[in-house]
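We have chain W already, so just place chain F on it with the hints.
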Amino acid sequence: MAATEMQVREKASPLKAKSSSDDKLMRLFILVIGAYLVVALAMPLYAMLSKSVLNSDGGFVGLSNYFAYFKTPALVYSIKNSLFVGLVTTVITVSIAFVLAYGFTRSRMPGKPIFKTIAMIPILVPSLLPGIALIYLFGRQGIINWALFGHEIYGPIGIIISEVFFTLPHALIIIITALSIADARLYEAATALRASSTRIFFTVTLPGVRYGLISAGFVVFTLAVTDFGAPKVIGGDFNVLATDIYKQVIGQQNFEMGAVVSVVLLIPAALAFFVDRLVQKKQVALLSSRAVALEPKPSRRFDNGMLAYALVVSFFILGILGMCQFAALFKFFPYNLTLGLSNYQFDLMDGGGWDSYFNSIEMASYTAVFGTLIVFYGAYLVEKGKGLGVIRGAFQFLAMLPMAVPGLVLGLAYIFFFNMPSNPLNVLYHTMAILVISTITHFYTVSHLTATTALKQMDAQFESVAASLKQPFYRTFFRVTVPVCTPAILDISIYLFVNAMTTVSAVVFLYSPHTTLASVAVLNMDDAGDIAPAAAMGMMIFYTAAGVKILHYFLSRGIEAKTQAWRRSIEN
Amino acid sequence: MKKSIYRGGSVIAGALLAMGLATSASAATDLTVYTAVEAEDLKKYAARFNEDHPNININWVRDSTGIVTAKLLAEKNNPRADIVWGLAATSLLLMKGEGMLEPYAPAGLDALDPKFRDKSSPPTWTGMDAWVAAICVNTVEADKNDLPMPSSWQDLTKPVYQGHIAMPNPNSSGTGFLDVSSWLQLFGEEGGWAFMDKLHQNIGHYTHSGSKPCKQAARGEVAIGVSFAFRGAKSKASGAPLEVIIPSEGIGWDMEATAIIKGTKNLDAAKTLADWSVSEKANKMYNEGYAVIGIQSLAKPVEHFPENIPESMIDNDFEWAASNRKRILAEWQKRYDSKSEPKS
Numbered sequence: 001m002a003a004t005e006m007q008v009r010e011k012a013s014p015l016k017a018k019s020s021s022d023d024k025l026m027r028l029f030i031l032v033i034g035a036y037l038v039v040a041l042a043m044p045l046y047a048m049l050s051k052s053v054l055n056s057d058g059g060f061v062g063l064s065n066y067f068a069y070f071k072t073p074a075l076v077y078s079i080k081n082s083l084f085v086g087l088v089t090t091v092i093t094v095s096i097a098f099v100l101a102y103g104f105t106r107s108r109m110p111g112k113p114i115f116k117t118i119a120m121i122p123i124l125v126p127s128l129l130p131g132i133a134l135i136y137l138f139g140r141q142g143i144i145n146w147a148l149f150g151h152e153i154y155g156p157i158g159i160i161i162s163e164v165f166f167t168l169p170h171a172l173i174i175i176i177t178a179l180s181i182a183d184a185r186l187y188e189a190a191t192a193l194r195a196s197s198t199r200i201f202f203t204v205t206l207p208g209v210r211y212g213l214i215s216a217g218f219v220v221f222t223l224a225v226t227d228f229g230a231p232k233v234i235g236g237d238f239n240v241l242a243t244d245i246y247k248q249v250i251g252q253q254n255f256e257m258g259a260v261v262s263v264v265l266l267i268p269a270a271l272a273f274f275v276d277r278l279v280q281k282k283q284v285a286l287l288s289s290r291a292v293a294l295e296p297k298p299s300r301r302f303d304n305g306m307l308a309y310a311l312v313v314s315f316f317i318l319g320i321l322g323m324c325q326f327a328a329l330f331k332f333f334p335y336n337l338t339l340g341l342s343n344y345q346f347d348l349m350d351g352g353g354w355d356s357y358f359n360s361i362e363m364a365s366y367t368a369v370f371g372t373l374i375v376f377y378g379a380y381l382v383e384k385g386k387g388l389g390v391i392r393g394a395f396q397f398l399a400m401l402p403m404a405v406p407g408l409v410l411g412l413a414y415i416f417f418f419n420m421p422s423n424p425l426n427v428l429y430h431t432m433a434i435l436v437i438s439t440i441t442h443f444y445t446v447s448h449l450t451a452t453t454a455l456k457q458m459d460a461q462f463e464s465v466a467a468s469l470k471q472p473f474y475r476t477f478f479r480v481t482v483p484v485c486t487p488a489i490l491d492i493s494i495y496l497f498v499n500a501m502t503t504v505s506a507v508v509f510l511y512s513p514h515t516t517l518a519s520v521a522v523l524n525m526d527d528a529g530d531i532a533p534a535a536a537m538g539m540m541i542f543y544t545a546a547g548v549k550i551l552h553y554f555l556s557r558g559i560e561a562k563t564q565a566w567r568r569s570i571e572n
Numbered sequence: 001m002k003k004s005i006y007r008g009g010s011v012i013a014g015a016l017l018a019m020g021l022a023t024s025a026s027a028a029t030d031l032t033v034y035t036a037v038e039a040e041d042l043k044k045y046a047a048r049f050n051e052d053h054p055n056i057n058i059n060w061v062r063d064s065t066g067i068v069t070a071k072l073l074a075e076k077n078n079p080r081a082d083i084v085w086g087l088a089a090t091s092l093l094l095m096k097g098e099g100m101l102e103p104y105a106p107a108g109l110d111a112l113d114p115k116f117r118d119k120s121s122p123p124t125w126t127g128m129d130a131w132v133a134a135i136c137v138n139t140v141e142a143d144k145n146d147l148p149m150p151s152s153w154q155d156l157t158k159p160v161y162q163g164h165i166a167m168p169n170p171n172s173s174g175t176g177f178l179d180v181s182s183w184l185q186l187f188g189e190e191g192g193w194a195f196m197d198k199l200h201q202n203i204g205h206y207t208h209s210g211s212k213p214c215k216q217a218a219r220g221e222v223a224i225g226v227s228f229a230f231r232g233a234k235s236k237a238s239g240a241p242l243e244v245i246i247p248s249e250g251i252g253w254d255m256e257a258t259a260i261i262k263g264t265k266n267l268d269a270a271k272t273l274a275d276w277s278v279s280e281k282a283n284k285m286y287n288e289g290y291a292v293i294g295i296q297s298l299a300k301p302v303e304h305f306p307e308n309i310p311e312s313m314i315d316n317d318f319e320w321a322a323s324n325r326k327r328i329l330a331e332w333q334k335r336y337d338s339k340s341e342p343k344s
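Residue numbers (the working numbering), protein chains in the order written: chain W, 1 to 572; chain F, 1 to 344.
Next up, chain W with everything else stripped away, as it sits in the complex:
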């Protein structure tokens, strides 16, 4: 460090010239990563969605496909069903997550780390898995099917329980963050004014987290509406938009109508996204630099109540997971309940056998490494770059778009775009690379948001100081930005890895004989009715993801000890 300062003092060249060559380089990088998003997202989506205004011979027909769609009552009914499932899931998940997050942040209940870990488990399992567990628990032969009082698990009940399981961690992360940034001074003031605790809850706590709740609501809604795994496994004949796309495209090979349903599905998701962006902007303004962290005071009754609640939620999550493990071990449920490993003979089942398991690990590793590089660098350029305002805005929009695009749509879009004879990129088709690219793109949004949040925490003065010391931006990037953001970078890589292990919908169209995947195998085995092997492979995915997550935990603790010491010195 001292040496570089010396050099800086010796070579006193005009400051402006240096920073402008720096800017040029940065702009070039923005264009390169922007081009990635255009090629991997915008152009394929255009290739797919434009089919909604074409007939099957490729002629332009205007909106007639849309008219045909809205004239079909069964299809329109699905919109209502999707909204219903989305809204009910949102209300239930956000309520459960709020109380749990409240316990984690405002009580002194014991065992917080364990309960937090358990609550994060659903992220690690393919979305088909809860559906399978529900069939074993509540199906006609279900172990505790009396608990439904004669109601049918196939249909909205099954879908909603699966979606609540699947979306809970996402809501929890957001709400915990919102509850953690409370200002203790407000609570002190309220207590000093002798407000009752109920009153404080409604006048201080709830207003403080309302944006977090809205944000969580939109994320849950979008995930529940675009997910296709749960409705397919346990939806019975309750039609939703995501399964309609499947029926149009897979059942009837009607790509044009599939494109129409995709566009319809994009509307609520995109709407949710824009409202969320508006809300997010307000949330930032709420934060004050003089806030004092809130330390919960012990209260036996409240703490025990929260503990009991966390136990119930954990029981729900572990129950579903445990049921899946047993489902995988029973020889022939429900007629032969001896345990064995016969369902692990994947080479005899659909989906490419054990090879697909190892392919999945390979694919997930590539996705984690390259995805993290692209996403973090892209977020850095958008946050810290100068100039090219319009392009950076467009970049930001493209980075947010994947959240609203169902995987099935993305997968088909990739066939149409990457398999065009005139597309020079068609060499990528049927390779591992296209699986990696599609997966990075599919999970771009959350990764990008994580990176942006971490980068926002960094004072912009680092860049100004570096520029005045005439350091090229990439040196600041590697010497300061990357070390400071290491926790976020690790979070992004683990997020990409785990999702690459569990994703189905996009890659189901893109794998080749040499790149079959474990998650697709789960789908195919369930599809063929081999539900026990599907559970077995699903649990293999879970154990792998959990193993990597544990590795990640120790790795990040080690790295944090080295790179994050400054945080502690500031806090003290």
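Simulated from the structure, these hints should not be mistaken for laboratory data.
It is possible that some hints are incorrect.
What the hints assert, rightly or not - Partner residues are not named here, just some residues of chain W that face chain F (Cβ under 8 angstroms, in silico):
no.	residue
1	K232
2	K247
3	Y335
4	T338
5	P421
6	V427
7	V508
What the hints assert, rightly or not - List time: in silico EDC-like cross-link candidates among lysine to aspartate or glutamate, alpha-carbon distance up to 20 angstroms:
no.	chain 1	residue 1	chain 2	residue 2
8	F	K326	W	D57
9	F	K43	F	E280
10	F	K96	W	D57
11	F	K265	F	D30
12	F	K236	F	E98
13	F	K281	F	D41
14	F	K43	W	D355
15	F	K115	F	E331
16	W	K331	F	E141
17	W	K71	F	E331
18	W	K549	W	E295
19	W	K331	F	D30
20	F	K326	F	E189
21	F	K234	F	E288
22	F	K234	F	E40
23	F	K326	W	E256
24	F	K326	F	E98
25	F	K44	W	D355
26	W	K112	W	E295
27	W	K456	W	D491
28	F	K265	F	E102
29	F	K284	F	D113
30	F	K271	F	D30
31	F	K76	W	E295
32	F	K262	W	D57
33	F	K76	W	E256
34	F	K236	F	E307
35	F	K281	F	D52
36	F	K271	F	E51
37	F	K44	F	E280
38	F	K281	F	E40
39	F	K198	F	E249
40	F	K234	F	E141
Beta carbons: idealized from backbone N, C-alpha and C, even for Gly.
Just chain F now, kept in the frame of chain W:
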């Protein structure tokens, strides 16, 4: 001592042989074969073919009928498959209509039952085996619920079965469409829909996959699954308390078939596979899982399969079914799909 040396020598010889095979395999033609054949059979199919043609290496792309068909059609402008071996003839008819298939008369074509080939000459596809509709009944669940054993399609409309039947949704599943189109041919247009109206009252749920109703019946998830015989026989063999029933009115069927994709770069190898796919050896291999095959004179009864299958197969008019598919599916959707409100 001597023995162990001998054994060691044979291991080395074996290793050398394996290496030799490996090198010869690397010089072989790689053939990309799209298929919907049951996964458990793929290794066997490739191995038997390689006994005769070790220089052609099969790379399977296997998925359910719907996904393979969608994939082939989406790739139409730049086909990736060399040949399709084991996909529903109705799917291949769609591709024939799009001009995606290479007409070819495989050696030994004449031995095939005339039903098992495309009517064009030379044909664009040839059949392998028939895949017939059947009713899978779980005997344990039937006893528990006092359900009599059905013997005909019409039996399934009796009120006693209410909520106990699963069948594939024809909008998602080829098997489902096969059922619907066969009922329309059996009972006539009006009678067919009247039958389905009554059947709909008894359906517990529709599934997205054709094999699922039978697999669900095998697990007792429903008592009765409208599915296909092959799946029922397989589940029965693995110990499920199932009865596979061929309804007395007759059964719809489709076949697994082979077709070369137009524009393949490996036309010679594809032709070799097409020739082999209609050979006696191949037909005997199909017969290990299917009761009705392309050269029916070779067929032996298959365990767990009902015996009356060949006589029960209706005179299925594939061209009619294909050309009326859109209309039938739309009508089905209008009648039954829009009613699928939450049952709870």
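Violated constraints from the hint list, given by number and in increasing order: Failing hints, ascending: 4, 6, 12, 15, 18, 19 and 31.
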